[in-house]
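Trainee: Work out the full structure, taking the sequences as your base and the hints as a guide.
Number of protein chains: 2
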Amino acid sequence: MTEFSVLPPEELQAIKTGLLKRYTAICDRELSLDITRGKPSPEQLDLSAGLLETVDARDYTSSAGTDCRNYGGLDGLPEVRQLFAEYMGVRPEEIIIGGNSSLNLMYDTFLRAMVHGLGASHTPWCREPQLKFICPSPGYDRHFAICEQLGIEMIPVDMTDDGPDMDAVESLAAADEAIKGIWCVPLYSNPTGAIYSDDTVDRLARMTTRAADFRIFWDNAYAVHYLGERPGRVRSILEACKAAGCPERPFLFGSTSKITFPGAGLAMIAGSATNMEWVRSHLFFQTIGPDKLNQLRHVRFLKNMDGILAHMEKHAAVIRPRFQVVEDVLNTELAGKGIAAWTRPEGGYFVSFDAPDGCARTVVKMAADAGVKLTPAGATYPLRNDPCDSNIRIAPTFASIEDVRTAVEVLAICTQIAAIDQLGAV
Amino acid sequence: MTEFSVLPPEELQAIKTGLLKRYTAICDRELSLDITRGKPSPEQLDLSAGLLETVDARDYTSSAGTDCRNYGGLDGLPEVRQLFAEYMGVRPEEIIIGGNSSLNLMYDTFLRAMVHGLGASHTPWCREPQLKFICPSPGYDRHFAICEQLGIEMIPVDMTDDGPDMDAVESLAAADEAIKGIWCVPLYSNPTGAIYSDDTVDRLARMTTRAADFRIFWDNAYAVHYLGERPGRVRSILEACKAAGCPERPFLFGSTSKITFPGAGLAMIAGSATNMEWVRSHLFFQTIGPDKLNQLRHVRFLKNMDGILAHMEKHAAVIRPRFQVVEDVLNTELAGKGIAAWTRPEGGYFVSFDAPDGCARTVVKMAADAGVKLTPAGATYPLRNDPCDSNIRIAPTFASIEDVRTAVEVLAICTQIAAIDQLGAV
Chain E
5 MTEFSVLPPE
15 ELQAIKTGLL
25 KRYTAICDRE
35 LSLDITRGKP
45 SPEQLDLSAG
55 LLETVDARDY
65 TSSAGTDCRN
75 YGGLDGLPEV
85 RQLFAEYMGV
95 RPEEIIIGGN
105 SSLNLMYDTF
115 LRAMVHGLGA
125 SHTPWCREPQ
135 LKFICPSPGY
145 DRHFAICEQL
155 GIEMIPVDMT
165 DDGPDMDAVE
175 SLAAADEAIK
185 GIWCVPLYSN
195 PTGAIYSDDT
205 VDRLARMTTR
215 AADFRIFWDN
225 AYAVHYLGER
235 PGRVRSILEA
245 CKAAGCPERP
255 FLFGSTSKIT
265 FPGAGLAMIA
275 GSATNMEWVR
285 SHLFFQTIGP
295 DKLNQLRHVR
305 FLKNMDGILA
315 HMEKHAAVIR
325 PRFQVVEDVL
335 NTELAGKGIA
345 AWTRPEGGYF
355 VSFDAPDGCA
365 RTVVKMAADA
375 GVKLTPAGAT
385 YPLRNDPCDS
395 NIRIAPTFAS
405 IEDVRTAVEV
415 LAICTQIAAI
425 DQLGAV
Chain W
5 MTEFSVLPPE
15 ELQAIKTGLL
25 KRYTAICDRE
35 LSLDITRGKP
45 SPEQLDLSAG
55 LLETVDARDY
65 TSSAGTDCRN
75 YGGLDGLPEV
85 RQLFAEYMGV
95 RPEEIIIGGN
105 SSLNLMYDTF
115 LRAMVHGLGA
125 SHTPWCREPQ
135 LKFICPSPGY
145 DRHFAICEQL
155 GIEMIPVDMT
165 DDGPDMDAVE
175 SLAAADEAIK
185 GIWCVPLYSN
195 PTGAIYSDDT
205 VDRLARMTTR
215 AADFRIFWDN
225 AYAVHYLGER
235 PGRVRSILEA
245 CKAAGCPERP
255 FLFGSTSKIT
265 FPGAGLAMIA
275 GSATNMEWVR
285 SHLFFQTIGP
295 DKLNQLRHVR
305 FLKNMDGILA
315 HMEKHAAVIR
325 PRFQVVEDVL
335 NTELAGKGIA
345 AWTRPEGGYF
355 VSFDAPDGCA
365 RTVVKMAADA
375 GVKLTPAGAT
385 YPLRNDPCDS
395 NIRIAPTFAS
405 IEDVRTAVEV
415 LAICTQIAAI
425 DQLGAV
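Taken in order, these protein sequences are the chains called E and W.
Per the working numbering, the very first residue in the first sequence carries number 5; after that it's consecutive.
Per the working numbering, the very first residue in the second sequence carries number 5; after that it's consecutive.
Because the hints were derived from the structure by calculation, they are not lab data.
Worth double-checking, as some hints may not be accurate.
Now the stretches of chain W that chain E is said to cover, found in silico as 3 or more residues with beta-carbon under 8 Å [claimed, not checked]:
1) 149 to 163
2) 260 to 270
3) 292 to 298
Note that the structure is a prediction, hence the values are computed from the model and not measured.
Just so it is clear, CB atoms sit at the ideal spot from N, CA and C, and this is done for glycine as well.
Mentor: The structure is reproduced here in structure tokens:
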């Protein structure tokens, strides 16, 4: 395949004519496809069908004999904390299980920091003159949305294959006391699929921060969500921070949203025993306790780490072909043309696609006109502002394989048309 | 029965000797009884056993065909909103269903007010120089705890049989712009069992408030939790506020914690469409959505308002004898002695007991020494400060009938001993 940039204008024009023909034919099909959100498919949800039958009218007590139907147990059933401590790589006293949404736990942590400050010795964030957060980009739109809602200025830093650009992160954190933390998705990062290297983890733990209450929000959303042979490994941020003498620096988050059920899974927050005591002291005012029946369902269904890994292998079998079709179509349509780049993730829920600079918005718009909904251009950047206007997130899990194929084909066609237009061939 | 205060000292002494004998005999039994919390008994929880079998591996879609296992639906399944709108006496667009804890919804509402203010036109509470809340007392300790944690000064006003002393409430609200709201449990109030009169509701709706963002936190925790023939009725605070031209004044809260399962029920917030839009705009940043499977279980199990009422009749049948035994023991032990007063609630979860002024702490301590755990003296007042040191909350639902009988007997014995000691007979 020859790069578009070296082709003569008349050849580009001929290619474009062919592409427009395909585009028009697709428009005529009046498609309505959506590959915007990282949502498991019904086929994946069926894998957890058994979860709904582990608790019934006669069987609702925990291993310690707790009646899970009644009040109590602020931080989760002991056996559930045990299981997910192993899952999160922490000790049972370093985790709290609650609610169905890790986003909720992150948001609540921000709100506690705003109103109360992080522990007794720190000023409530709402009394600080300025608040900033380091936002590795492209990243997760819901993380950025929390900062935006709370008026926290977002400082983007580039993502590399090893995690955020640590030179940039270190110099920012060391220089500005308004910088209160950093968002991290350490494994199969949303959307690039990056896996934080050991060096990245160690530097995050060891770096000097001007703000004494600097926090790492470690959203380990895809801890076991692998597509390859086995889950990737990321060094323990909590252990690294303990070793570096700042055990309170990281808050870890996880959930079973993409293990069991997105709407009815379990969410968890982890960190140092001191941090968990702080969370517990706030939870006491907020709730009498979590839904222990749903916790019981989960521990009975998943059983142990081996059970979780075996279950995730089934997920991988369902979604692997969808990722493969993304790679196949992009490769067939775009390889060697010098106009696009994309990731080949080993896990997680996304492929990160880079159209030519300045083209993402156009491509997303053209695809929408052809009935294919893509994540809005810019969504992966703070304030929806992709400085290059090039990144597009592909979420291939929910749609059928055929729909993914068609949607990505449309993306590829639109990208080529936009690229040719930009080369000024027309 | 003769009032203690008119008995000669030697007769009181003889009575006390008898009481001490009984007290010692009870101590010798080494009891471990607990009537501190408003917790349903296992027998009550069994009434909802069927709830756990309404959703299974093959049956998880809402009436509109939504797969309840997956993400989505920020404000609850439509059929669930429909049912609980009727339950709360509001329209479906005036309610949001989320989580398992109404306390959590109350707490989050406070935190949103602290950080963002109540709607665009109001100052975040955290920027106000002073914050105060009207706290009808005795009241619910968890309400007071939220104010305490957030540094909101609590202004107690007396509870009457018709609700809070409205003369006091009106003059406070009209005079002080730091007063941002009032806590209310309108039906079978915790702990007195009071039912707000129509006049109380109307005055709360119509009263002038110095604070433009004054809010009524209307915790309708016991909306259908009756012990008599049928549920009591309280005039709609939302309709009253609409009629008075301040539809944004009330936030209504409810839950199925004491209808189905305390740990695994549904919680709800209701209010004007404008207020619900405000809540939704915050929820968007906080979560992707609630546990719809548990919502589906509830609507399938409870079906409709008739279903809820029929179900509550079964609850009443279980707890009525416990309340009856409280009344019987207190009546047998204390009637006519002029040393105690107590409520005979028509619903709810508590009996409010008044020992002689200055004696509650002593009574609770003596009962604890005899192995009977009562709600700490003062717990029903802001900052745990009962100015008369007389109120004790009795929660008879969880313990067995025999245990309730024994516990209340201990309470009555201790009250008499404390009263005699106070009369100076010894």
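Trainee: Please go over all the hints and tell whether each is borne out by the structure.
Mentor: Hints, verified against the model:
1. 149 to 163: holds (count 4)
2. 260 to 270: Since 5 is at least three, the answer is holds.
3. 292 to 298: holds (count 7)
Violated hints are absent here; each numbered hint is respected by the structure.
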